[in-house]
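Protein sequences, first through last, are from chains A and B.
Position one of the first sequence corresponds to residue 1 (the numbering used here), numbered consecutively onward.
Position one of the second sequence corresponds to residue 45 (the numbering used here), numbered consecutively onward.
It is possible that some hints are incorrect.
A short, non-exhaustive set of chain B residues, derived as facing chain A with CB atoms under 10 Å [to be verified]:
| no. | residue |
| --- | --- |
| 1 | Glu59 |
| 2 | Gln67 |
| 3 | Val84 |
| 4 | Ile122 |
| 5 | Gln148 |
| 6 | Leu215 |
| 7 | Ala218 |
| 8 | Thr237 |
Here are the computed lysine to aspartate or glutamate pairs in the EDC-like style, where the Cα-Cα straight-line distance is at most 16 Å [stated by the list, open to error]:
| no. | chain 1 | residue 1 | chain 2 | residue 2 |
| --- | --- | --- | --- | --- |
| 9 | B | Lys55 | B | Asp65 |
| 10 | A | Lys6 | B | Asp65 |
| 11 | A | Lys6 | B | Asp175 |
| 12 | B | Lys55 | A | Glu36 |
| 13 | B | Lys191 | A | Glu36 |
| 14 | B | Lys64 | A | Glu36 |
| 15 | B | Lys191 | B | Asp216 |
| 16 | B | Lys189 | B | Asp175 |
| 17 | B | Lys51 | B | Asp63 |
| 18 | A | Lys39 | B | Glu59 |
Since the hints were made in silico from the structure, they are not lab data.
Because the structure is a prediction, the values reported are computed rather than measured.
We put the beta carbon where it would ideally sit given N, CA and C, even for glycine.
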Amino acid sequence: MKINMKSLYASIAVAATLIAATVATSACMWFIYQPEEPKSLQDN
Amino acid sequence: MEKLANKISIKIASELSYDKDKQEVIEYGLIALFQTVLMVMVVLLLGLILGIFVEAAVVCFGVSILRKYSGGAHASSIASCTILSTILCIGFAFLGKWLAGIIQSDAILLTVLVLTFMFAIVIVIMKVPVDSPNKPIKSVSKRRKLKIRTLIVIIFYLLVSAGLFFVRGNLDLAISALLCLLISVIWQMGTLTGPGRFLIEGSDRLIYRIITMKGGHNNNEN
């Protein structure tokens with residue numbers, strides 16, 4: 001079965017965006033490394 | 045790991061014609077996913093091998109769920125975070141198991157439980173949330189929400205601890221799980237204080253020196 005790469009990329013993008021949004025509503029990431037938060041997710 | 049997340053996000057952004065903002069969000073989400081999966085797998089696997097699976101799981105999830113809302117000191121790289129978190133989770137799991145073997149008195153156990161949650165509530169009121177330069181929390185309403193959510197998690201942990209205390213009987217596992225949960229709360233709340241922050245930052249610097257001596261590198265330098 002041939003994998004539709006566009007659908008795969010879109011699925012990864014949706015999952016990663018959901019996780020990023022979850023982290024954005026938290027104080028920090030679950031473990032003790034915190035990369036720089038993207039500007040579009042920062043609260044001003 | 046950050047490099048991998050960066051490469052995947054750039055590939056996805058180019059294939060789906062996303063702009064820079066969307067690519068950065070995907071990269072950030074992927075780093076969070078990779079870090080969480082790696083940490084949970086390493087801690088649980090080591091816990092399984094060392095015969096402290098339940099204790100390691102309690103510490104790993106106990107600290108990380110609380111940390112999500114309360115914030116705290118941070119390591120400078122994923123490598124340093126992985127090493128430090130693994131040492132702490134496994135060390136605390138062993139400590140909980142060992143303490144379960146030596147604490148025989150219900151009064152001592154109950155006193156430790158009460159003091160732990162009193163300490164936690166004081167820290168939540170005084171310090172939470174503790175943000176970091178990489179993720180500043182400026183909004184007053186968000187700070188209030190995080191404080192309330194941390195308090196909800198603390199109350200949930202208190203109920204779980206009370207449940208474990210009352211069902212413990214002769215179950216060593218219940219007592220060690222209870223002690224591991226209390227250690228998780230003390231540690232996570234401790235990292236929100238000055239000495240806790242100093243301890244994490246000092247350990248992070250030490251691990252960074254060891255990593256760079258062995259020819260590794262800091263993710264922040266790339």
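Structure-based check of all given hints:
1. Glu59: Where the cut-off is 10 Å and the nearest Cβ of chain A is about 5 Å from Glu59(B), the hint holds.
2. Gln67: holds (9 Å)
3. Val84: holds (9 Å)
4. Ile122: holds (5 Å)
5. Gln148: It is violated, given that the least Cβ distance between Gln148(B) and chain A is near 34 Å, above 10 Å.
6. Leu215: Since the shortest Cβ distance to chain A is 29 Å, the answer is violated.
7. Ala218: violated (25 Å)
8. Thr237: violated (15 Å)
9. Lys55(B) with Asp65(B): holds (14 Å)
10. Lys6(A) with Asp65(B): violated (20 Å)
11. Lys6(A) with Asp175(B): violated (37 Å)
12. Lys55(B) with Glu36(A): violated (20 Å)
13. Lys191(B) with Glu36(A): violated (22 Å)
14. Lys64(B) with Glu36(A): holds (15 Å)
15. Lys191(B) with Asp216(B): violated (34 Å)
16. Lys189(B) with Asp175(B): holds (14 Å)
17. Lys51(B) with Asp63(B): holds (15 Å)
18. Lys39(A) with Glu59(B): violated (22 Å)
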